Amino acid sequence: MNEMNWVAAYPEILLLVLACVVALVDLFVTDPRRTPTYWLSQLSLAVVAAMHFAAMGDAPAVAMQGMMVVDPMSHLLSGVSAIALIVTLVYARPYAESRDMLKGELFTLSMLSLLGVGVMVAANNFLMIYLGLELMSLSLYALTALRRDHTVSTEAAMKYFVLGALASGFLLYGLSMMYGATGSLSIPRVFEVVAAGTPNKAVLILGVVFVVAGLGFKLGAAPFHMWVPDVYQGAPTAATLLIGGAPKLAAFGITLRLLVDGMLGLANDWQQMLLVMAVASLVVGNLAAIAQTNLKRMLAYSTIAQMGFVVLGLASGVVNGSSDFALNAYSSAMFYAITYVLTTLGSFGLVMLLSRQGFESEQISDLAGLYKRSPWYALVMAIYMFSLTGIPPTAGFYGKLAVLQAMVTTGSELYITLAVVAVMLSLIGAFYYLRVVKVMFFDEPTDRAGLTAPGDARLVMSLNGLAVLVLGIVPGGLLTLCSQALTRALTH
Amino acid sequence: MLLSLAIWLPVVFGGLLLVMGRDENAGAVRWLALVAALISFLVTLPVITGFNDATAAMQFVEKANWIERFNIHYHLGVDGISMWFVPLTAFITIIVVLSAWEVIETRVHQYYGAFLILSGLMVGVFSALDGMLFYVFFEATLIPMYIIIGVWGGPRRVYAAFKFFLYTLAGSLLMLIALLYLYNKSGSFDILTWHQLPIPLSAQTLLFFAFFAAFAVKVPMWPVHTWLPDAHVEAPTAGSVVLAAIMLKLGAYGFLRFSMPIAPDAAREYAWVIVSLSLIAVIYIGLVAMVQRDMKKLVAYSSVAHMGFVTLGFFLFNELGVSGAIVQMIAHGFVSGAMFLCIGVLYDRVHSREIADYGGVVNTMPKFAAFAVLFGMANCGLPATAGFVGEWMVILGAVQFNFWIGLLAATALIFGAAYTLWMIKRVYFGAVANDNVKALTDINGREFLMLAILAAAVLWMGVYPKPFTDVMHQSVTELLKHVAVSKIQ
Numbered sequence: 000m001n002e003m004n005w006v007a008a009y010p011e012i013l014l015l016v017l018a019c020v021v022a023l024v025d026l027f028v029t030d031p032r033r034t035p036t037y038w039l040s041q042l043s044l045a046v047v048a049a050m051h052f053a054a055m056g057d058a059p060a061v062a063m064q065g066m067m068v069v070d071p072m073s074h075l076l077s078g079v080s081a082i083a084l085i086v087t088l089v090y091a092r093p094y095a096e097s098r099d100m101l102k103g104e105l106f107t108l109s110m111l112s113l114l115g116v117g118v119m120v121a122a123n124n125f126l127m128i129y130l131g132l133e134l135m136s137l138s139l140y141a142l143t144a145l146r147r148d149h150t151v152s153t154e155a156a157m158k159y160f161v162l163g164a165l166a167s168g169f170l171l172y173g174l175s176m177m178y179g180a181t182g183s184l185s186i187p188r189v190f191e192v193v194a195a196g197t198p199n200k201a202v203l204i205l206g207v208v209f210v211v212a213g214l215g216f217k218l219g220a221a222p223f224h225m226w227v228p229d230v231y232q233g234a235p236t237a238a239t240l241l242i243g244g245a246p247k248l249a250a251f252g253i254t255l256r257l258l259v260d261g262m263l264g265l266a267n268d269w270q271q272m273l274l275v276m277a278v279a280s281l282v283v284g285n286l287a288a289i290a291q292t293n294l295k296r297m298l299a300y301s302t303i304a305q306m307g308f309v310v311l312g313l314a315s316g317v318v319n320g321s322s323d324f325a326l327n328a329y330s331s332a333m334f335y336a337i338t339y340v341l342t343t344l345g346s347f348g349l350v351m352l353l354s355r356q357g358f359e360s361e362q363i364s365d366l367a368g369l370y371k372r373s374p375w376y377a378l379v380m381a382i383y384m385f386s387l388t389g390i391p392p393t394a395g396f397y398g399k400l401a402v403l404q405a406m407v408t409t410g411s412e413l414y415i416t417l418a419v420v421a422v423m424l425s426l427i428g429a430f431y432y433l434r435v436v437k438v439m440f441f442d443e444p445t446d447r448a449g450l451t452a453p454g455d456a457r458l459v460m461s462l463n464g465l466a467v468l469v470l471g472i473v474p475g476g477l478l479t480l481c482s483q484a485l486t487r488a489l490t491h
Numbered sequence: 000m001l002l003s004l005a006i007w008l009p010v011v012f013g014g015l016l017l018v019m020g021r022d023e024n025a026g027a028v029r030w031l032a033l034v035a036a037l038i039s040f041l042v043t044l045p046v047i048t049g050f051n052d053a054t055a056a057m058q059f060v061e062k063a064n065w066i067e068r069f070n071i072h073y074h075l076g077v078d079g080i081s082m083w084f085v086p087l088t089a090f091i092t093i094i095v096v097l098s099a100w101e102v103i104e105t106r107v108h109q110y111y112g113a114f115l116i117l118s119g120l121m122v123g124v125f126s127a128l129d130g131m132l133f134y135v136f137f138e139a140t141l142i143p144m145y146i147i148i149g150v151w152g153g154p155r156r157v158y159a160a161f162k163f164f165l166y167t168l169a170g171s172l173l174m175l176i177a178l179l180y181l182y183n184k185s186g187s188f189d190i191l192t193w194h195q196l197p198i199p200l201s202a203q204t205l206l207f208f209a210f211f212a213a214f215a216v217k218v219p220m221w222p223v224h225t226w227l228p229d230a231h232v233e234a235p236t237a238g239s240v241v242l243a244a245i246m247l248k249l250g251a252y253g254f255l256r257f258s259m260p261i262a263p264d265a266a267r268e269y270a271w272v273i274v275s276l277s278l279i280a281v282i283y284i285g286l287v288a289m290v291q292r293d294m295k296k297l298v299a300y301s302s303v304a305h306m307g308f309v310t311l312g313f314f315l316f317n318e319l320g321v322s323g324a325i326v327q328m329i330a331h332g333f334v335s336g337a338m339f340l341c342i343g344v345l346y347d348r349v350h351s352r353e354i355a356d357y358g359g360v361v362n363t364m365p366k367f368a369a370f371a372v373l374f375g376m377a378n379c380g381l382p383a384t385a386g387f388v389g390e391w392m393v394i395l396g397a398v399q400f401n402f403w404i405g406l407l408a409a410t411a412l413i414f415g416a417a418y419t420l421w422m423i424k425r426v427y428f429g430a431v432a433n434d435n436v437k438a439l440t441d442i443n444g445r446e447f448l449m450l451a452i453l454a455a456a457v458l459w460m461g462v463y464p465k466p467f468t469d470v471m472h473q474s475v476t477e478l479l480k481h482v483a484v485s486k487i488q
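First to last, the protein sequences are chains U and D.
The opening residue of the first sequence carries number 0 in numbering that gives the first Met the number 0; numbering runs sequentially from there.
The opening residue of the second sequence carries number 0 in numbering that gives the first Met the number 0; numbering runs sequentially from there.
Just chain U, with the same shape it has in the complex (with noise of 0.2 Å):
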């Protein structure tokens, strides 16, 4: 327990390093396209992600005295993070140069946020997963503000900043509860104490909901959802990707931490909220995005819709007292919230990659007959759009029966008459999602330009389309990850 385990956290070490490196780097750059600080960047977080992946086999080990503990789903999330951010980085500079916006911070800032993302889900300690949060949403914040000369973006950015820290506080607040109650930081403990039995209940399940509505919060889900909408429509794209891609993984992570690491003994109460959260969430979600008419602002309240399920997923896991349901559960709400970063990314990217100087290409109208513009890359969107309404073959249709068949499995009638709404609702959003596909397929294009982005933009938006819908043929290897990568989470 008290020793360092260096071996164990090389891959965050060296993010840390990199990090530093490309900050000093980019001083001596004075190429105005970046050119040696993006390719430096993009080497450095595609060494991270192999190190996470090859390490992905490893066995679970405690480092950095008890603080950190790195096993399959650290590593998993960390790794897939890492390639959400090698994405959002292709996707974003072709954006970014264009708005001013291409500085060496860009680089140094998200790198640092992804650096928090791996602390967090590898976080043994409460304290490990509130310096992780913070250093990933200052980061985050920071990147929001980066088009300082634009008042929208500041604005969102001065919003996505209170309401962060007040979630932090939240989070903190209830953490120090837990503190209060169980006399230990470190979650390992916590959970043998809670198991215990001892604590005194009242200041736990107090602790339970401020902990909870922190979390809340962060995935973004109703009813603490009211920074997203403004956060993802206000920041520059590239900046709401950075907020909508890997954080909602590690959001994700911590969520799993805290609740199922930490305090499985109380699932019965978090539970309850979780659902409640998870119903609003799609009620929300879907019934506010068909009357958006700013793509970015109806995929951020898809987004709290899709949350929905991810937390309909974590809610699944204890049913009666028995946690036999929990690896199954669990592991199909990471499925979901995997394959949704990878739509996400898709999504968003091509909003940035249909922008250009002076133009930001956010209303859905501006989608307008692209499928005669570029066909391609409309029926790429149309895949992203079929995914997120959860049609096979797509990746996010696993996802959906995933965390449907979690519910179902559990037998309980709650859970499938939950399952019932839950379908239902979604039906709400395969309305706003056709109308996408529908402006790109059936309205006629109002202007003629066409996609203008680089070619490796050009080819990882291909990739990333295509994954969409090879995850959605051949979903077996990531299903079968996630769930192997969660089996050490529940064996304690």
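Source of the hints: derived by calculation from the structure; they are not laboratory data.
Careful: at least some of the hints might be erroneous.
[Unchecked claim] If we take Cβ atoms under 8 Å as the criterion, some of the chain D residues that face chain U in the derived model are:
{"id": "1", "residue": "57"}
{"id": "2", "residue": "60"}
{"id": "3", "residue": "67"}
{"id": "4", "residue": "138"}
{"id": "5", "residue": "139"}
{"id": "6", "residue": "146"}
{"id": "7", "residue": "158"}
{"id": "8", "residue": "161"}
{"id": "9", "residue": "165"}
{"id": "10", "residue": "172"}
{"id": "11", "residue": "175"}
[Unchecked claim] Computed footprint of chain D on chain U, listed as stretches where at least three residues anywhere in the stretch have a Cβ under 8 Å from a Cβ of chain D:
{"id": "12", "segment": "212 to 223"}
{"id": "13", "segment": "405 to 414"}
{"id": "14", "segment": "437 to 448"}
All values derive from a computational prediction rather than experimental measurement.
Think of the CB as a built atom: it goes at the ideal place given N, C-alpha and C, for glycine as much as any other residue.
The hints should help you fit chain D onto chain U, whose structure is shown.
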């Protein structure tokens, strides 16, 4: 291997067309599409010739692991119930390719690509023996059809495309929950395992209605049929043909593969619901069809009425009824497809579907009128045409079941004859109505070919339906035996 080829050949060819095709080489695209459709049809022929009709077991079975985490298999096979739909789907695809030959001029490769992919997916629905595989094919068919209606459809195409997609999706999402429930009960997605699974009546009832939601929308049964006239009217001709000839059968087939064998007790318990809804479809929709001014709408409503016969036949639980219903499904595939093609032929020339815009077409298009009248006769169930066999068997089955139901069902023949013949009279006979009709030119070689093939099929099935009924005999008997045994334990 055979069924896999029948599914994936058209899909691969469709994908190729999407990627390779350009409007500059539309001619090559058309020929490639025709060759693809022909090859895809040829690979289904061994399914007919190699089919052993002495057994009710699944044939041409293929099974491989697909998603191990959920015990989902790539499991294909056909029995006497599903066998004919595999070649029928491929056959209709050839007609579809022919029908659009000169009509579609822009984005030809995408049009043909979508239809070929759709054809493969529909073969997949008929041959899937794994519940999830079935669902994936069933849902995936929505995407190409949505695009086909939305891109190449008429003025209200967007409304029709949305309505089509959302109605169908609403039903199938409930089915998804039912499939997951069965998976949870049995630990697999194997349909044949589900057939043997004992289920209490309360659960059977819920399952039955979940499946009902999915399949009734697809068939479509009254009162959830309203998407069909819209979709038919707005879809391009080939879209209507595929919709009427094959897509509606996906729903009817679902009743036979899922609802009846998996929830037999609930099926018997609630047969009266289906029988009543079917009778309403047959009689009320028949009357609705009579007052239509739009030819496509008229045929669309007539489809609903004819499909009412199919669902009626299923839930009579006797061999005449079920076999008759399946024969009716196949016959309706030929006849409704042909009816929509005829409307397409007229629409391509005059650009109107209003009955009032026509009159005396026989004077300018004698060859075409001959075909149209033949298909019209088949649509009202004239003996010696395909339309007669199925309807007659279902009516006999209904009389066996209950005389009054048989009597009500038989009225459909009267209504069917009334609306079809009245339309034919107004469109084809009489004096030449206006200059548009006067300027009509008779069908060309391509149109003659596609109508002649269908006419041959319609007559063959009407005169000699034995190959069809022989194939399904064992499977239907087995199904009825299975349904008669209670699964409640």
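How the hints compare with the structure:
1. 57: This hint is violated: residue 57(D) lies away from chain U, its Cβ roughly 23 Å from the closest one there, beyond 8 Å.
2. 60: violated (21 Å)
3. 67: holds (6 Å)
4. 138: Hint on residue 138(D): holds, closest Cβ of chain U at ~5 Å, below 8 Å.
5. 139: Status holds, d = 5 Å.
6. 146: Since the shortest Cβ distance to chain U is 6 Å, the answer is holds.
7. 158: violated (10 Å)
8. 161: This hint holds: residue 161(D) lies near chain U, its Cβ roughly 6 Å from the closest one there, short of 8 Å.
9. 165: Holds, because the Cβ-Cβ distance from residue 165(D) to chain U comes to roughly 6 Å (cut-off 8 Å).
10. 172: For residue 172(D), the interface hint holds, since the closest Cβ of chain U sits about 4 Å away, which is under 8 Å.
11. 175: holds (7 Å)
12. 212 to 223: violated (count 0)
13. 405 to 414: n = 3 at 8 Å, threshold three: holds.
14. 437 to 448: holds (count 3)
Checked against the numbered hints given earlier, this structure breaks hints 1, 2, 7 and 12; the rest are met.
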